[in-house]
Structure formats: C-alpha cells, structure tokens
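Asker: Line by line, the protein sequences give chains A and B. Read in order, the letters of the first sequence are residues 1 to 338 in the working numbering. Read in order, the letters of the second sequence are residues 339 to 575 in the working numbering.
Just so you know, the hints here were simulated from the structure itself, not pulled from any lab data. None of the values given here were measured: they were computed from a predicted structure. Hints are all accurate, no fakes.
Here are some of the chain B residues that sit facing chain A, going by a computed Cβ distance under 8 Å:
{"no.": "1", "residue": "389"}
{"no.": "2", "residue": "391"}
{"no.": "3", "residue": "412"}
{"no.": "4", "residue": "415"}
{"no.": "5", "residue": "416"}
{"no.": "6", "residue": "421"}
{"no.": "7", "residue": "423"}
{"no.": "8", "residue": "427"}
{"no.": "9", "residue": "431"}
{"no.": "10", "residue": "440"}
{"no.": "11", "residue": "441"}
{"no.": "12", "residue": "443"}
{"no.": "13", "residue": "492"}
The C-beta atom is built at its ideal place from N, Cα and C for all residues, glycine as well.
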Amino acid sequence: MATVNATSSSAGRLLGSLRLPIGIVAFLGISLTVLGIDQFVNALTLGAIYALVALGYTMVYGIIELINFAHGDVFMVGSFVAMFISSSLLGNEGAITNIPLLAGSVLVLFALTIGVMAIVGALIERLAYRPLRRAPRLAPLITAIGVSFILQNVIQFFFGPTIVTVPQLVPIEWSIEVSGSRVPLLNIFVIAASVALMFALQLFISRTRTGRAMRTTSMDRDASSLMGVDINRTIMITFLIGSGLAGAAGVVHGLYYGNTSFNLGFQSGLKAFTAAVLGGIGNTAGAALGGFLIAFIEVGASAFGYGRWGGAVVFSLLVIFLVFRPTGLLGSHSGDRA
Amino acid sequence: MAPLLELKDVHTYYGAVHALRGVSLKVEEGEIVTLIGSNGAGKTTTLRTISGLERARSGSIKLKGKSIEKAEAHEIVRLGVGHSPEGRRVFSRMSVRENLEMGAFLRKSGPDVQKDFKKVFELFPRLKERESQAAGTMSGGEQQMLAIGRALMAQPKILLLDEPSMGLAPILVEQIFDIITEINSRGTAVLLVEQNAMMALGIAKRGYILQIGEVTLEDSCDKLAKNPKVREAYLGV
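Extracted from the complex, chain A is given alone in its bound form (with noise of 0.2 Å):
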C-alpha cells in the first residue's frame, strides 16, 4: 500500500514539477504563431529587461519586506554607468566589428557595469535602509522613494533632463536569417546572457552557503541568526546582487535601445515590480517569468495596434490574475508556520 502510494505520488509530483517547462513551451509556441518572429523577438528582449530589473524587486522584498521603489531608478543608473563607460572608455566610434574586441569590449562593459550598480546598491542599502532596519515598515518604504528621487536628480545633473544617445558596439546589421525574417545578432546575444544571469543566480540561491542564508533569513530571520548567519551581511549581498543584475539589465537597455534617460526608471521600475508581484513576490523563477510575461503582454497589445493601451492592457491583466491567484504565478499558497 505504501509503495503504491509513494509511487504514485511521485508521478504525480514529476507531473506536476513539468507542468511549468511544458506551460512555458506551449506559451512560447502560441506567442511566436501569434507575434511572428520579429515581435517575437522584441519581445523576449524586452522580457530579459523586465525579469533583470523583476529579480532585485523580488529579492529584496523576499529577505527585508521592503517594496524598493528606488530599483527602477538603479536599473536607469546602471544604464547611465553603462553609456558612460562604453563612450568614454571604449571609444565613442560606435559599432567594432573585429570580433575578439567586441567580445572583449561587451564583456568588460557587462562587468563594470555589473560591479559598480552592485557598490551602488550596498551604499543604498547600508546609508538608507540599514537604520531603519526595526523602524515601522512604512519609514524604509518613505525612505526608497527618497532615494528614487536622488538618484534620478543626481543623473540630471551630471546628463541634463533629455534623452542621451549610448553608443552602439554591436554591428546591428549583423543578423541571421530565420525563416525569412531577420534576428540581429544583438537580440540573441542579449537574451542569451540575461538568461545565463538568470540561472547563475538560480544556481547561486539554491547551491551556495550564502544563497542557503539568503533563503533562510527570508523564511525567518531570528531562526536564521540563531544557526550563525550575519544577517546584515545577507542583506547586503541580496542588495548587491539584485543591483548587480539592474545594471546588467542596463547594459543590455543601452545596446537594444540606443539611448536612456534620467526618468528611464519609473516606468520601467513599475512593470518589473508588477512582473515581481505577477510571478509571486519573493520568488526568483517568478519574477523572470513575469518580467518575460508582461514583455509579451506589452509587445502583443502594439502588435495587435494597442500600443498605446500597452500599460492599461499589461495593469487589467494584472488585476484579473491577481484576484484569482493573489499570491502570483509561483508564490506561496499558505502561510510558513504550520
């Protein structure tokens, strides 16, 4: 009787833990029938964006509680940081076409980039959020917007209120031909690296020291420090990385689009949070599947000729899943104390 049980659940349990990658095949099919594969495309780059800026939502609501509405204003910095480097130490000529310094060139862009948003977000973390740590939650919520707002008069200053044209390194001509249509070689670069910095931090969260202390200080604090973890220690490296990858989602903003400007982040910031709270806030895998969700949604409702409807489409959307599954495509469904 037991084996019954126990291998009937456990075919019950692969189904189950299929139903997502089959789920996800069968939207991508569905999409790319629907959109073509030049809107296809689009829209996967604009999901890598979304779910980058999605995963520090996600991460530091899962380990502080905090709605960190200063994010979108980190991702729009990392694009700032990323047009600075690549104009003034890689050269303002635009597009290299020798391969070897392309690849040297993009990877250095990505790294710096990456490094200083993520130097970037501890300050953040350790001068505005750190004494606040026991204040009342609506103080450090205060505080994020505070926080927002520098951030976005602090790059007005240096880069002035229009929009700033970041130089383009990869050829855009560069491009194979898939069924007729063109794919640059841009888009798949830059969907194939946000992808690759998504499961490194899946990897990282889930086979790491740190990334064990990362999951259980979100579950329970107290319990947490009481097994050894340095609690501001992992709060700070959940900052970093979630920094990090703004700025990573920054790069990649400035090599699709071309250009970035100081109030880049409000908008974006907001779709990556709802894509946060879309996949189930605090989960990782949610968040970049409900960045990669409303990128869809988004690009879909242009395609259709509702491109100005794409943010009332997206938030109508959100609302009727929300009232359905309030806890989001992979949150939690009950509480964690039993």
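Chain A is fixed; fit chain B onto it per the hints.
Answerer: Leaving out everything else, chain B in the frame of chain A:
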C-alpha cells in the same frame, strides 16, 4: 572557575516596556537549570537576550567568563550557545535534512558533521524517517524535535530550550523531556524555560522563579518542588 553562563543584573527593554528588571542567574558546566514563570514574566526575553536577539540595556552576560552582551547573535552561536526558540521556528519550506544542515551552518561539512547527523537521528528516529519531508508539513512534536536537533548540530556547550513542551500531547512531552536528559548526560548544559513546571523541576538540578522581569526565588529543584508558594502558583496544588 567561572560558570559556563552567568547573567548579572540584566535589563532588557522592548521599546518603552521594561521587560527584564535585573535578571541574575548562572548555569554551571553539565547542569540542567530551569527558568519558571507565568506568561509575560520574561522567560523568553531572557533567552533572547542571552543569544543576542535582543540587546541588554545594562548588566553583563558572560560565557565562561567572557562578556557576550555586546556580541551579535551569529557570533554568540559560534561561541557555543544553541537556542531552540519559542514556537520552534523551523524553516518550513526546507526539508528536515536542510534544516539540520542549517544548524551546522558555521561548521565545515565533513565527517564530523556527518557524525552529528547520525547522533541527532539516534536521538530522534522520527526525524530520520522524515528526512526529505518539508519541515512545515510535520506535526508540532516533530517540529519540536527538529528545532532541538537543529540547535544540536552547532555542537553547543549550552542549549537554551524555550517551551519544548508547548502544544504537545502528554506522551510526547515525556519523550521530549527524556531526550533533554539524554542530551544533558552527553555533556551539554541546558537552560530550560517551561510553563510545565512539574516536568521541568523533575529533570533540572536548580531552578529560578521569574516574576515580572525579576528573579524572585532560586533554589535546588527538590526544594522548589516542596516550597508551598511555588506549589500553589506553578504546580497547581
């Protein structure tokens, strides 16, 4: 020789609430000491202050003569204080095994840690059966066992136990208390906080009575169990 753990005149506040009003107590090497008191007397606060989850505003806490009242919680674990907190606080979405691994968070994984896994599974065979089950789906008694086992994985010199009998069936309470005695006989000192005073006085050597944040009585458990005031207030006779 300095006692294993010694609190002197410890004051702790929750905001404006003066929760501990000068608590002094000590635990010697190898002892079981119990802290008895009614709800809100400050038992849990005492344990939380020892392990650094709350900050003492004044007074001293010494572990083998070394001051720890300014140390962070994660440093105090490293110094040898294990704490099985009130309400068990197991990591509900992690398996039993992962919870125990977290208990050994500060140790290098290797044969030593494997040996302790075996020891914990010996003490709590039930945990071995549930090794890969998510901790949040287990019964209260099983979670209590896990919380104690998890604290043991850090190889503490002293184990702080907060209400291990809470919400458990009487037969399980007896089992847990037997295991506490067993843990103690293997060389770990225990500071036991309990509402079930009868059971606590039965296994501890000395006891302290805590009332509104102050120690009002300390004695050997035999004498406490015979004290008419204690019997009336805490033993219900």
